[in-house]
Every structure is written in C-alpha cells, then in structure tokens.
Amino acid sequence: MDPQMQMDHQIRVLVAKPGLDGHDRGAKVIARALRDAGMEVIYTGLRQTPEMIVTAALQEDVQVIGLSILSGAHNAIVPRVMDLLREKEMDDVLVVVGGIIPDDDAARLKNLGVAAVFQPGAPLEEIVRFVRNAACAAV
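For the sequence shown, position 135 (counting from the first letter as 1) is numbered 134 according to numbering that gives the first Met the number 0, and the numbering increases by one without interruption.
Fair warning: there could be bad hints in the mix.
[What the hints assert, rightly or not] DEER-style ranges, computed between Cβ atoms:
id: 1; residue 1: ALA106; residue 2: ASP35; range: 29 to 35 Å
id: 2; residue 1: THR54; residue 2: GLU124; range: 18 to 24 Å
id: 3; residue 1: GLU125; residue 2: SER70; range: 20 to 26 Å
id: 4; residue 1: ALA136; residue 2: HIS22; range: 30 to 36 Å
id: 5; residue 1: GLY120; residue 2: GLN58; range: 30 to 36 Å
id: 6; residue 1: GLY120; residue 2: GLU86; range: 18 to 24 Å
id: 7; residue 1: ASN132; residue 2: GLY21; range: 19 to 25 Å
id: 8; residue 1: ASN74; residue 2: MET51; range: 18 to 24 Å
id: 9; residue 1: ASP104; residue 2: HIS22; range: 15 to 21 Å
id: 10; residue 1: GLU88; residue 2: ARG24; range: 30 to 36 Å
[Stated by the list, open to error] Lysine to aspartate or glutamate pairs mimicking EDC-like chemistry, simulated, CA-CA at most 16 Å apart:
id: 11; residue 1: LYS87; residue 2: GLU59
id: 12; residue 1: LYS87; residue 2: ASP103
id: 13; residue 1: LYS87; residue 2: GLU50
id: 14; residue 1: LYS87; residue 2: ASP60
id: 15; residue 1: LYS27; residue 2: ASP60
id: 16; residue 1: LYS109; residue 2: ASP91
id: 17; residue 1: LYS109; residue 2: GLU124
Hint data in this document are derived by calculation from the structure and do not stem from the laboratory.
For each residue, glycine too, the CB sits at the ideal point set by N, CA and C.
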C-alpha cells in the first residue's frame with residue numbers, strides 16, 4: 000500500500016450537519032472527497048446537536064471534526080462545540096467549518112480555536128490537503 004494512503008487511513012474525520020439546516024449535499028461531497036483521499040470518514044447526518052457531535056467524536060476517536068453550517072447558526076453552534084471539546088479534554092481534535100460564513104465571523108471562529116473555515120466554492124483539493132496536513136502535523 001502507498002505510504003500516503005497508509006497515513007491517511009489513520010486520519011479519522013467526523014463530518015456533521017449541526018442545527019436545523021436540512022441541506023447536506025455539500026457535507027456529503029466533502030465526506031466523499033475525504034474518503035476518496037484515503038481518510039476514514041464518519042458522517043453523522045442531519046440536525047445534530049453540539050452534544051451529539053462531540054459524543055460521536057469521542058466514541059469514534061476522530062482527529063478532525065468537520066462542521067457544515069448553512070443556516071447562519073455558526074455563532075451559536077461552533078462556540079458550544081469548542082466548549083464541549085475543552086470540557087471533554089479533546090483539545091487535540093481539529094475543527095474545520097464549512098458553509099456560508101461571513102469573513103468577520105470566520106475570524107471570530109478561528110479565534111475560538113477553529114483550524115480553518117471554508118466558504119462556498121473552496122476547491123475540494125484545498126480542503127483535503129488542509130485536513131491531511133493539519134491532522135498529520137497534530138500527531
């Protein structure tokens with residue numbers, strides 16, 4: 000097996016759709032791109048609470064959580080996820096957020112500890128490369 004593929008198999012990513020947003024096509028596209036890049040992806044489905052997301056991340060022993068938020072609730076949901084990760088002593092889990100996030104809000108989310116914010120139109124290769132590099136650097 001290719002060494003890059005072996006390394007990527009060790010990367011476990013949880014992709015979640017928090018809040019009431021019912022549109023998950025983007026999350027599924029990202030999940031598939033990460034999977035096709037050799038990562039192990041767990042997709043939690045729609046309408047996840049921050050508590051459900053963090054519990055799943057703990058149970059699945061993931062290195063990365065990807066949150067897809069189109070509803071505009073990122074300023075409420077992401078801080079709660081970050082707080083729960085700290086409470087569970089999961090500070091080593093990278094959090095990336097994708098969706099419709101204004102630049103000012105993206106900066107605030109990064110100040111909370113979010114590793115990256117990807118807005119609509121971000122190339123899949125860029126997202127995959129970021130997750131791979133960030134997860135490997137965190138090991």
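Quick rundown of the hints versus the structure:
1. ALA106 - ASP35: 29 to 35 Å: 31 Å, holds
2. THR54 - GLU124: 18 to 24 Å: Violated: the Cβ-Cβ distance is about 31 Å, outside 18 to 24 Å.
3. GLU125 - SER70: 20 to 26 Å: 23 Å, holds
4. ALA136 - HIS22: 30 to 36 Å: 31 Å, holds
5. GLY120 - GLN58: 30 to 36 Å: 33 Å, holds
6. GLY120 - GLU86: 18 to 24 Å: 34 Å, violated
7. ASN132 - GLY21: 19 to 25 Å: 32 Å, violated
8. ASN74 - MET51: 18 to 24 Å: Cβ of ASN74 to Cβ of MET51: about 19 Å, so the range 18 to 24 Å holds.
9. ASP104 - HIS22: 15 to 21 Å: Holds: the Cβ-Cβ distance is about 19 Å, inside 15 to 21 Å.
10. GLU88 - ARG24: 30 to 36 Å: The hint (30 to 36 Å, Cβ to Cβ) holds, given that GLU88 and ARG24 are roughly 34 Å apart.
11. LYS87 - GLU59: 14 Å, holds
12. LYS87 - ASP103: 28 Å, violated
13. LYS87 - GLU50: Roughly 11 Å separates the two Cα atoms, so the pair holds.
14. LYS87 - ASP60: Roughly 12 Å separates the two Cα atoms, so the pair holds.
15. LYS27 - ASP60: 20 Å, violated
16. LYS109 - ASP91: 15 Å, holds
17. LYS109 - GLU124: 21 Å, violated
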